[in-house]
Amino acid sequence: MRRLRKVLASVTAVCTVGALSTAIGVTAADASSSHHGSKSDGGVVTFAEQPGFPPTYIFPLYDGANSGNNDITYLQPLMWLPLYWFGHPTNSAATINYKLSMADPPVFSDGGKTITMKLKHYDWSTGTPVTARDLVFWLNLVLNEKTNFAGTVPGGWMTHVASYSAPSADTFVLKLNKVYNQTYLLYNGLSLLTPIPQQAWDKTSASAAIGTYDKTSAGAKAVYTYLNARSESLSTWDTTALWQVVDGPWHLQPKTGFQVTGQVILIPNKKYSGPNKPKISEFEELPFTSATAEYDALRSGTVDYGYVPTTDLGALGSLKASGFTIEPWYEWGDTILSILFSSSNTKYDSLIDQLYIRQAMDSLIDQPEYIKTILGGYGTPTYGPVPVTPKTNFLASAEKKNPYPYSKSKAKKLLTSHGWTIHSGGTDVCSKPGAGAGECGKGIAAGTKLAVSLMYPSGFPDLDNEVQVLRSAYSAVGIHLTLSEAPENTVLTDAFACFDKPAKTCPASTPDLALWSSPSFTYVPIYYPDGTSMFGCGGTVNPGNYCSKAVNAELTAIETEGNSASMKTLYKYQEYVARQLPDLWLPNAAYQISAISSKLKGVPAQDSTAHIYPSTWTLKS
Amino acid sequence: MSFRELLDVEAAGQATPGQLASPTAFEPRGPTSWGITTREFLHHHLGMIGATVILVMILFSFVGPLLYHTNQSATNLLQINLPPGRGHPLGTDQVGYDVLGRLMVAGQSSLEVGLAAAAIAVCIGTVWGAVSAFAGGWVDSIMMRVVDALIAIPTVLLVLLLAAIVTPSVLTIICVLGFVSWLITARLVRGEVLVLRTLDYVSAAKLAGDRPVRIVLRHIVRNVIGTVAVQATFEVANAILLLAALSFLGLGPPPPAVNWGGMLTTGLNYIFDGYWWQIYPAGVCIVLTVVAFNLLGDATRDVLDVRLRSS
Chain P
1 MRRLRKVLAS VTAVCTVGAL STAIGVTAAD ASSSHHGSKS DGGVVTFAEQ
51 PGFPPTYIFP LYDGANSGNN DITYLQPLMW LPLYWFGHPT NSAATINYKL
101 SMADPPVFSD GGKTITMKLK HYDWSTGTPV TARDLVFWLN LVLNEKTNFA
151 GTVPGGWMTH VASYSAPSAD TFVLKLNKVY NQTYLLYNGL SLLTPIPQQA
201 WDKTSASAAI GTYDKTSAGA KAVYTYLNAR SESLSTWDTT ALWQVVDGPW
251 HLQPKTGFQV TGQVILIPNK KYSGPNKPKI SEFEELPFTS ATAEYDALRS
301 GTVDYGYVPT TDLGALGSLK ASGFTIEPWY EWGDTILSIL FSSSNTKYDS
351 LIDQLYIRQA MDSLIDQPEY IKTILGGYGT PTYGPVPVTP KTNFLASAEK
401 KNPYPYSKSK AKKLLTSHGW TIHSGGTDVC SKPGAGAGEC GKGIAAGTKL
451 AVSLMYPSGF PDLDNEVQVL RSAYSAVGIH LTLSEAPENT VLTDAFACFD
501 KPAKTCPAST PDLALWSSPS FTYVPIYYPD GTSMFGCGGT VNPGNYCSKA
551 VNAELTAIET EGNSASMKTL YKYQEYVARQ LPDLWLPNAA YQISAISSKL
601 KGVPAQDSTA HIYPSTWTLK S
Chain Z
1001 MSFRELLDVE AAGQATPGQL ASPTAFEPRG PTSWGITTRE FLHHHLGMIG
1051 ATVILVMILF SFVGPLLYHT NQSATNLLQI NLPPGRGHPL GTDQVGYDVL
1101 GRLMVAGQSS LEVGLAAAAI AVCIGTVWGA VSAFAGGWVD SIMMRVVDAL
1151 IAIPTVLLVL LLAAIVTPSV LTIICVLGFV SWLITARLVR GEVLVLRTLD
1201 YVSAAKLAGD RPVRIVLRHI VRNVIGTVAV QATFEVANAI LLLAALSFLG
1251 LGPPPPAVNW GGMLTTGLNY IFDGYWWQIY PAGVCIVLTV VAFNLLGDAT
1301 RDVLDVRLRS S
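Residue numbers (my numbering), protein chains in the order written: chain P, 1 to 621; chain Z, 1001 to 1311.
Calculated from the structure, these hints are not laboratory results. From the three backbone atoms N, C-alpha and C, an ideal C-beta is built for every residue, glycine too. Certain hints may be false.
[What the hints assert, rightly or not] Sample of chain P residues lacking proximity to chain Z, with all beta carbon distances greater than 10 Å (derived):
1. His160
2. Ser235
3. Thr240
4. Ala503
5. Cys547
[Unchecked claim] Covered by chain Z, per the in silico footprint, the following chain P stretches (three or more residues, Cβ under 8 Å):
6. 312-320
7. 458-466
8. 475-486
Model the full structure from these sequences, guided by the hints.
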């Protein structure tokens, strides 16, 4: 009997590990409050937030840490509309949408230095109109808190603001001391402008009276400090009167509209004066701790608009039979395998400085096959800085094709023709040191091994599979890839540990290559796909410290030339960057493979800027 | 035979303390204690089942790849997620590895980690417990409070913490698991030593002028080997489980290293796709091996403890 108990204890131990782990993976936040059509005529639509990414910030002046889709596309724009809206409810183009914008197209004068914007008629939920003063208020706060705004680009348009004013209630004038390309400025500068209610938010404490504090630098900072504190107090979002003053189609349901777990309940703004007035009675965003938990909720009918983990694509049949439509949602962005030119492995620096080695490495990435087999067909290729999907005029014809298509033989030839002795399955060795033709290159000594390290995030089966296949392909030509897996935040921390620093100061944990997500970078809310942040010297998303004078000169030209010349330069630039390989290109996984209930109508397309349009949706009873 | 040699013989378990007084104590008297132990073990059915399963698993993992050749270094995207069939008796996984061959390679890591971590754990635990009990006084108090403090922290939490700090590899995982698994052994050994140190032959060794280190190593430790051996088998099972749990949580050794827990985790990603061959085989291997080591430990304790012997 005692022996039996021991055996049972062993089995129980095994089961406990499984159950514990499963519980960790499956634990979802409270997602049980779905109740289709139970509120009133319009019904309730439930929408799944990305796993592990609940909203964290409500104030539409956000810093980098609070600039995820959970905040800046799923939450804030539903309540506070940007002046110029990018994206469309009926197609996936990442372009300006004047119909949904709060202002007419900007008018440029004074050689392009003065921009005049005429506001359409919109009202705040208090009944007062949205005016140019509300834009002045927002810009006063931003310019005094540049470092706390994610849209700030060092040396960008904000540093060239000469003045701005509201000559009338519906006219906003911005004067710059530099001439920018008009499309560039619209997509990367004016896209950020967001009116916020000066008549309700211009105060420095809960008890203070509304004033014009924003007119002085100290006052603007004080107002920001107050609003930021209110925004960081997640538990009070739905009880704070400030956040009830909106100009968008939705507002938080008072008292019960937000839980710190991330559950959001939005109800229609009855004073909404713009197009697409809400038809449903309530819009709920549900948080999940894992994709598995979300998928369980989806299968149980708790979610109307959710997503299917890529690993569960084989089970789509049952979901479709339950009345769900499956549609991939692609974001306006790129997936890169970041090359850390300044890594702790200084020996590696001389290797990666060689273009032919980068070319060999990129030639071993079989993007079409990755998309077909690993991503189940739900992916698009990345060949350069401008996203291939959705199709836009920004994409050069040269970038529509892979400059380095998959070829093991070409990769091998590139290495052997530069003095490397190939050890298939092992590690290549430099046999011909030197900087001449047919030699390994400057700084690479005889006997140097072609070995690199790659760090990637845990918990993403697709990325794990891609990395394993990549390691195998590299191994076949003797490039030794040492893998290390870590939580996404750790990968980001280690990848950016050498950002803007010399290699010798890098911590030993810095990898040579880093992959943190797919897509790795999205052009939201800065929509112009030039990639200054990624490939410009000192760019904020340039952890590898890639810096090229040629690239920087082209980026400057793109920003400042006239529309036609700027576009030509953009084409030239993207082709150059695509071939120079400041990073290795990987396929873009779908942002999510959406599963949309057949009860939900009015979702003809998914916006590549990741905006959602619940005010255009209806629920079939 | 000198007095010290007599003490050593007694400490080695060849004679009970009382036999030292008899001039005929060392005459041959039938089977040795090793022989009795072996005979008892061979009659212990569950123990034999456990030992057989462990032997099969070792052969499967270390000899299997020599007989069943598969490519476990190159992925094959043209053959992903194939169900069991010709050429792949247990199908293929999500990057095209043959699952049967993968199980064999994974078994090597799992068993190596289990055995090595258990070895580290029992070595540390035995020395710690023996020194603590033999020294007594404040040394004992401090050493055991350390054990109490560490035991108070859930093992899985401690392992997760350590695994997050160090870069995972087979070697570091062995060290981590060994470091967190010695506590129970230390307590058990301390309890045994507290009894042993009061026995006559230990007192006699002290009177004979033996140094404490010699007494511990020569007279104490070898008399707790039975307890340690039993505990070691349980530690192997625990280490395999902990490795599986770590890998399940994504903190195991990264590719190309593979273990059964990692295979189970990866397979579970595809649970709704119906790829059962990526889940059950690894799970069955873990369960079988862990149960087998527990049976072995149970049987070892039974045959070493005279009170539990069948004859």
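Evaluated hints:
{"no.": "1", "hint": "His160", "verdict": "holds, 45 Å"}
{"no.": "2", "hint": "Ser235", "verdict": "holds, 28 Å"}
{"no.": "3", "hint": "Thr240", "verdict": "holds, 37 Å"}
{"no.": "4", "hint": "Ala503", "verdict": "holds, 20 Å"}
{"no.": "5", "hint": "Cys547", "verdict": "holds, 29 Å"}
{"no.": "6", "hint": "312-320", "verdict": "holds (count 4)"}
{"no.": "7", "hint": "458-466", "verdict": "holds (count 5)"}
{"no.": "8", "hint": "475-486", "verdict": "holds (count 5)"}
Every hint from the earlier list agrees with this structure, and none is contradicted.
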